[in-house]
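We have chain Y; now place chain F onto it with these hints.
What follows is the residue order along each chain.
2 protein chains.
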Amino acid sequence: MESAVKELEEKGRAAKAASRKLAFLSTEVKNKALVNIAEALIDKQDEILAANKIDYEEAKASGMGEAMLDRLMLSPARLEGIAQDTKTVAALPDPVGEVLEMRTLPNGLQISKRRVPLGVIGAIYESRPNVTIDISSLCLKSGNTVILRGGKEAINSNRALAKVAQEACHRAGVPDGAIQLIESTERALVNQMLQMKGIIDLMIPRGGAGLIKLVSENAAMAVVTGGIGVCHTYVDKSADLNKAVAIAYNAKVQRPTVCNALDCILVHNQIAQAYLPAIAKEWAKAGVEMHCDKRAMAILKPIPSLKLVPAVDEDWGKEYLSLTAAIKVVNSLDEALEHIEKYGSGHSEAIVTEDHSAATRFLNEVDAACVYANASTRFTDGGQFGLGAEIGISTQKFHARGPMALKELTSYKWIILGNGQVRP
Amino acid sequence: MESAVKELEEKGRAAKAASRKLAFLSTEVKNKALVNIAEALIDKQDEILAANKIDYEEAKASGMGEAMLDRLMLSPARLEGIAQDTKTVAALPDPVGEVLEMRTLPNGLQISKRRVPLGVIGAIYESRPNVTIDISSLCLKSGNTVILRGGKEAINSNRALAKVAQEACHRAGVPDGAIQLIESTERALVNQMLQMKGIIDLMIPRGGAGLIKLVSENAAMAVVTGGIGVCHTYVDKSADLNKAVAIAYNAKVQRPTVCNALDCILVHNQIAQAYLPAIAKEWAKAGVEMHCDKRAMAILKPIPSLKLVPAVDEDWGKEYLSLTAAIKVVNSLDEALEHIEKYGSGHSEAIVTEDHSAATRFLNEVDAACVYANASTRFTDGGQFGLGAEIGISTQKFHARGPMALKELTSYKWIILGNGQVRP
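Chains as they are written, first to last, in numbering that gives the first Met the number 0: chain Y, 0 to 423; chain F, 0 to 423.
Keep in mind that the hints were calculated from the coordinates and are not lab data. Fair warning: there could be bad hints in the mix.
If chains are identical, the list can't say which one is meant, so a pair holds when it fits in one copy or spans any two.
Unchecked claim - BS3-like mimics (lysine-lysine), calculated; alpha carbons at most 30 Å apart, straight line:
id, residue 1, residue 2
1, LYS20, LYS341
2, LYS236, LYS112
3, LYS112, LYS306
4, LYS341, LYS112
5, LYS317, LYS59
Okay, chain Y solo, but in the shape it has when bound (with noise of 0.2 Å):
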């Protein structure tokens, strides 16, 4: 453990050297060095899924589940996507620099404000080696350095996604120490990490609830939080029909291990009767196990081949990450409207309406970082909302909310130009 805590300590102060460095390097260096990355992550390919193959290997050995063996695993069309990735976060404009704000006082003071990096942000994740590249690529463009520390089952991946990548920045000319990767695996590093204010600027934990939770409430540093999603899609009893069950069929089924899927249906009791069997053979069709109130269940009963399981409480407020889907009618918007006040996790939720004034009311009311009208939840993403990238999805309402890219990666100084002024 000292051994350890040594190299967090001297990765931490190299990081926040290198920080001042990374600050003012030209956007043409920084670019450079991500296509750097991109190009190193074919040429080394051989290099980086040896790597990999030890982890995997120990990590079936130890009897991880599929989906988690999934998420570990890289392949040459993987890093492909990876490298593409990092291209297109070359391909940003740069947001430091940018002035959010210029004008000159009565007094001939000339005041702006300037976007900056936050300085150091440190990075806790789980089992998936790509968010190595991922966040290194967004914090590097950002100007900040990053302090990495994955998860044990992926640190051979990691050491050596992370060598490559500084690699290619040192031949761009980045100064050395721009990305850090912590090597040592003992857990409790975790909590030392929590403690370093003085050294990282930002927190981002970037896994399940567990870890969301352990850092949020134990880091002294600030933290963006998010990634848990309960999302809800309401059905009003003016909504399209079809558009209610393309959506709800999309938000469930397209991608239902992620956050921004559907968690639970509330179908408006004058469309339910209507609404609910269509949504149910679409859902049935792709295997979607429904969790269902009294009300739904009674409607969906009579209907053959449907995978029905009466709903209980804990099924309200639940991130099934799966293809299970709740139901419930209510018996007005207001019901919805509290509904999801109650369970929702502030992430992503939707209305399915025709009625202008039931839409506007729960676009206002809902208090969620994305709100929709008559869309899927699913689009709630960096890449999909046009910010190029995205280093997660805050449901926090501090400094960034919803999905966080390059700016949210940044703060502002205030700059003040004078010529002799001083305050009456």
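Using the frame of chain Y, we list chain F on its own:
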């Protein structure tokens, strides 16, 4: 203590409930409430001043110092000032509902970011009772409810002021619960308040370094810290001497007890011989005590009637809040930058120079909320910056930096309008 906790919990719940309504309250009602508050501060001044007199007499009897007594005291003129400030807030644009970005994606989704309130603001502050109204006004205008916890020594004043504000809000149609004052003065209650993460969205401590530290180390929710200013002015070798004297004089003398006042001047050795006697003579007239490093002492010692003290290590990085200044002679801009990095608090830092490159380097490289070229650091202030008011000055990089006013008390939500779109 039990009843105090009960009070806190009840008021927390009431503030949370009111915050849902306050988020949609019309600008008209909010402004009406603010004007009502301003008028009531004058109409009910007898009651308020009588309550303040109780606090003042008790504090005096208990041996409170002159400066603190002055901060505690209200007068008709001070109430008039607070009322004016409240009217100023009423006249500012409403930040809530502002659309920050809007675009239509290729798939036809119309996506926008709309400014929304943070929710419930907690404020923990010390003796100055005007803070009760200042913070309430800014929170109300920005659609946030507020839970106020003022100092024990001002409890009667705060109770009278909060009552006036609550009644004024009620008359305007603001939902009850928007302004909550914790009346219990038990000290342990602060720690309870700092754990109310599900209720309070942002905690703002206003007071001395001890309070700021307590809150930032113990709060479970987001905190904006600031108000601690160790401010340097660097006089470059190319400085215009007249500007440098006027700026350093103003920054130290115009109001020495505040966070943006000068604490230390750094003087380039090539100009020290000409500059130091000039500023020292002016400062001496105002009664400034100068803590000099060896080279500054050698230059100033021959001049009669100066209050000179040899600087000790503790002088560097010290916030004096009084007519005291540290003086250090440096050999280069780099040495000045290093000194500021080591000892500054990230609040306000200035360079006086006629050299464009030196100014540019200073403005780029100093990592502080506000960086100045050729102007007094005393301008760091929401009112001076044209924000109309301020709830504090943040020295952190996360969420908001520098003077914080209405916009800085908001978050945003993403609103996505579709016509049946699903993710491919």
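Now for the hints, and whether the structure bears them out:
no., hint, in the structure
1, LYS20 with LYS341, "between (46 Å within a copy, 16 Å between copies)"
2, LYS236 with LYS112, "between (47 Å within a copy, 27 Å between copies)"
3, LYS112 with LYS306, "neither (56 Å within a copy, 39 Å between copies)"
4, LYS341 with LYS112, "between (39 Å within a copy, 24 Å between copies)"
5, LYS317 with LYS59, "within (29 Å within a copy, 58 Å between copies)"
The structure is inconsistent with hint 3 alone, although it conforms to all the rest.
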